[in-house]
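Asker: If you want the building blocks of each chain, they are given just below.
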Amino acid sequence: MAELEVSGITFAYEETPVLSDVSLKLHEHELVSILGASGCGKTTLFHVIAGLHKPQQGKVVLNGRDITGCPGQISYMMQKDLLLPYRTIEDNVILPLLLKGEKKKEAREKASLYFEEFGLEGTQRKYPRQLSGGMRQRAALLRTYMFSREVALLDEPFSALDTLTKSEMHRWYLDVMDKIHMSTLFITHDIDEAILLSDRICLLTGKPGRVTEEIVIKEPRPRKREFNLTEEFLEYKRRILERL
Amino acid sequence: MKRKLRNITSRLLPVTAVLLLLAIWQTACAAGLISGFLLPSPLEVAMAFVKDFPLLMDNAKVTLLEAFIGLAVGVLVGFVTAVLMDCFDWLYRAVYPLIVLTQTVPTVAIAPLLVLWFGYEMLPKVILIVIVTFFPITVSLLDGFRASDQDTVSLLRSMGASKSQIFRYVKFPGALGAFFASLRISVSYAVVGAVISEWLGGFNGLGVYMTRVKKAFSFDKMFAVIFLISAISLFLMWAVNVLQRISMPWEEENR
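Top line first, the protein sequences correspond to chains A and B.
If you count the first sequence from 1, position 63 lands on 63 in the working numbering, and the numbers rise without skipping.
Every number in the working numbering is 1000 more than the matching position in the second sequence, counting from 1.
Any given hint could be a false lead.
Claimed, not checked - Derived pair list, reagent style SDA-like, types lysine to any residue, alpha-carbon separation capped at 20 angstroms:
(1) A/Lys104 - B/Ser1247
(2) A/Lys54 - B/Asp1151
(3) A/Lys104 - B/Gly1160
(4) A/Lys110 - A/Leu98
(5) B/Lys1163 - A/Leu98
(6) A/Lys54 - B/Pro1054
(7) A/Lys100 - B/Ser1162
(8) A/Lys105 - B/Asp1151
(9) B/Lys1163 - A/Leu52
(10) B/Lys1215 - B/Asn1204
(11) B/Lys1214 - B/Ile1196
(12) A/Lys80 - B/Ser1148
For the record, the hints were derived by calculation from the structure and aren't laboratory data.
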């Protein structure tokens, strides 16, 4: 059971208000996108949910537990892959386990079960710089998954990739998601990506940012590759563009 | 293949330059352009080196021991200072100017004072070496710690990492490159520092040997010991390179 509830978050950097009364809910196995232009406070919202910033008002509740301002509860994957260049992929992936105090050997064993599933077989002993952007992103995602299987925050994880790699990663991600059942909050400024991946889309707009609209994508999963060429897809896109 | 060839030529180039310089020097001396008491020829220097080899080695042992102890303590002090200054900003602001000040005092000026306070044995020499070697270590480590990527630190914090874990997994490994760069400097400072401190008082060591042969006007021996000191410094710097390659394997893989 993983349910995340964010309610009434208001946050300001010194005097500048960034978020105003942001509330959203993430149910089990759901993927919810937060869509908005750059600078509307998406990343700040994630920092608050991850416990890195303490909001002036509002609460973050995970499975009925108040975790406002407590880091170390929710997996957070940032925009850059942030793999440590001096650790092998394997040792990067097990980092969250080491931080929790697990032994290196046991952590490696645990992680080794997932390398194939994440399409990373054969990369264990390599260093991040020897991998392509797409592979590094997968490794970063596996690291996120190793931290916690409950809720993950993904901050534009595919934005640095080229278009082709990106669509390949989307397919791969939907595939993996069906297997690992993680609840995900997903930041993006790419409308297509949001419609393709999400169960629901929250539009975050304005300064300070607030959730102005929630759109449910009814298309069942697993979604077909051609989904983004259908009438429904365009209809969703039209609706979002009107509101932004 | 081509790259290998280029590698060899690039290595041959400095060797040829040195050999050429030695040849010019030798010819100039042999032709009588420079009098023997002003500048001994390379051949004479080599002969002096061979003749005095056991004596040089005995003295080199003492100097090396001082340099090693001084360097080890210096690195330790430099490391601890850098870590403390990174942890506590008030300490950084209070101590940093003081540390810079220690570096503006000329070594030659403190050495006799140290001899006066601590005698002719090893202690004053080690102290002097510590003073000259810890500074580069502290400064570059501190820079390395401060340059750690803030996003990476945030990521680890989001994983619930403690301050010491962030140090262990992000700050320390991130500063390793800077550390080795400064260690290369400190190693040569250590050898030179040992020699200078021996000039100003002591019973054994290459510095003592140097003052002795200078007073005897045996400049061939003087040059022999100068070359020996350079060779020792070069060897130690090479050793640091090897150590760096072993402890930073990821740099190697990226090449």
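Asker: Look at each hint and say if it fits the structure.
Answerer: Against the structure, the hints:
{"no.": "1", "hint": "A/Lys104 - B/Ser1247", "in the structure": "19 angstroms, holds"}
{"no.": "2", "hint": "A/Lys54 - B/Asp1151", "in the structure": "17 angstroms, holds"}
{"no.": "3", "hint": "A/Lys104 - B/Gly1160", "in the structure": "18 angstroms, holds"}
{"no.": "4", "hint": "A/Lys110 - A/Leu98", "in the structure": "12 angstroms, holds"}
{"no.": "5", "hint": "B/Lys1163 - A/Leu98", "in the structure": "14 angstroms, holds"}
{"no.": "6", "hint": "A/Lys54 - B/Pro1054", "in the structure": "70 angstroms, violated"}
{"no.": "7", "hint": "A/Lys100 - B/Ser1162", "in the structure": "10 angstroms, holds"}
{"no.": "8", "hint": "A/Lys105 - B/Asp1151", "in the structure": "27 angstroms, violated"}
{"no.": "9", "hint": "B/Lys1163 - A/Leu52", "in the structure": "14 angstroms, holds"}
{"no.": "10", "hint": "B/Lys1215 - B/Asn1204", "in the structure": "16 angstroms, holds"}
{"no.": "11", "hint": "B/Lys1214 - B/Ile1196", "in the structure": "14 angstroms, holds"}
{"no.": "12", "hint": "A/Lys80 - B/Ser1148", "in the structure": "15 angstroms, holds"}
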